[in-house]
Amino acid sequence: MPDGLRRFARNRMAVLGAIVIAIIVLVSILAPFLYPKGAFSLAGQPLQPPSLQFPLGTDALGRDVAAGVAEGARTSLLIGIAAALSAVIFGAVIGGIAGYYRGTVDIVLMRVTEFFQTIPAFLLAMLLVVILSPSLLSVIIAIAVVSWPGIARLVRGEFVALGGREFILASLGLGASGPRIIFRHLLPNCLSAIITVGSLLVATAILLETGLAFLGLGDPNIMSWGLQISAGRVSLRTAWWVCTFPGIAILLTVLSINLVGDGLNEALNPRLRER
Amino acid sequence: MRRWRYFGYRLLLAVPVIFGILILNFFLIRLAPGDAASVLAGESGAATPEYTELLRQKFGLDRPMPEQFIAYITAALHFDLGFSFRNDSPVLDLILERLGPTLLLMSTAFTMALALGTLLGLLAAVARNTWRDAAISVATLICYATPGFWLGLMLIVVFSLTLGWLPTSGFENIAEGYEGWERVRDIALHLVMPAMALGLFYLALYTRVMRASMLEQTGMDYVVTARAKGQTETRIVFGHMLRNAFLPVLTMAGVQAGNLIGGSIVVETVFGWPGVGTLAFTALQSRDLNLLLGIFFISACIVVAINLIVELLYVLLDPRIQA
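Here the protein sequences come in this chain order: G and E. Just add 3 to wherever you are in the first sequence, counting from 1, and you've got the working numbering. Just add 178 to wherever you are in the second sequence, counting from 1, and you've got the working numbering.
There could be a bad hint or two in this list.
[Unchecked claim] Partial selection, computed: residues in chain E whose CB lies under 10 Å from chain G:
1) Tyr322
2) Ala323
3) Thr346
4) Arg465
5) Ala478
Because the hints were derived from the structure by calculation, they are not lab data. The beta carbon of each residue, even a glycine, is placed where N, CA and C say it ideally should be.
Put together the whole structure using the sequences plus the hints.
Here it is in structure tokens:
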């Protein structure tokens, strides 16, 4: 791992991404102290352009856009990480079962996976949030439900590729149990691939979350970047800043996560480095 | 001939997908809290008791589950997707009315992304590790991280509100009463920004895939052979590598078809584009679940159709594919 860390540190773009993410995390932690009244509270005159007092301006209801961006960071990161983590766990279980047991189980599970990959993900997520009624949990569930197939296919592929290797055959010959082979030998060997794809999944989860929130499918009591942009739409003609800054926050966050993901990919999967 | 048999096999595989969506829809309705009939009718209080009763009878909601399921599937296979009480019109009619603009938007964005993405990926790969490659890579990374709806709003701010070059929203300027080519030009002007907002993400994606795929081809034997024969670099790239490198891009395009529809919902909402996406947004706001399920079903059918077209192109491009 230190070897991988050194390779990661040599990738300047990835380090830059990691720094930006660290700043965003810091802002999201400090948000309650920086803006103790919260992002929903009245801060001043409505629709003020960016100034010293309100560096990102105020929206049509006189709320501080900067406070919203800070609180939105927490929402997006929380949902992105929780949804990606659930998708990784579920996907790994499905892919692991398919790749380890093969046969009919494999065929059935992979058909289901392909099915979930084909259907329009965003529409399904929308439907799920509507049906479960918008809340933090329902958004996480909806995003996880549409995000797991990639991980499942990855883990299955790795399991199948590793299954015939000597060290697996050797432990089988030694009488190792199924769970032991899966958890001690197979999973650790595809962990680097899972980490890489999982980190990129956080980025797509955040994009999904902001899209849902933009359509009004977020938790109405929690500030988020998508909610801010959808609220700022009505005053787009007079106040460009209400929509612009939350969008830049999304862009920076997703871009940084992608950079870190690419960096992890190069550092942890050196085979692919020549590309 | 065997290539076509392969295509027929893929066509057959589409059937379980359509069926799977119907099953999913059926269970999604039951997942919703409350009586299925009132869920189908929309937000509580919106529908008359008579209509709710009609729904209950039609879907056999008072009968056992398997019977309900059969009733639902039979109706859907006859393209009877139910009635939208809110819009006072059958769901299928509502969707078909709006399908044209959505298909226009999607195909424009898709074609633009595919053509430009292939070109940019090729240019980046050919000029590997130069400033041109770096510039394309940075632009790709940024486009790849930009949410389409926000990009749309920013385009409106710049090109409509500030510069006044393009119309903010809508499909055409009906008040002007354009006809013939004038009308085509008018619609095209309205189409520019939505297509950009929708397509830029995919442009970035295809550029990345194309670049990686081109680099993979560089060391291949057939490229070395072509070079040994003394062919010019231009002919090697365009005559030999392009076709081979394009195949992974096409695969990715097929995989991403479902996401294209999702993206068009958000983008249509931003631009007031009168397509299925705007319809989905209004259905969302009035919690017209049955209409949403209908849109989901039709969208999935479109995705399956796009996948088949991609498959067909694949069979035409790669003679090695056989059943």
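Quiz item: Can you name, in rising order, the numbers of the hints this structure does not satisfy?
Solution: none
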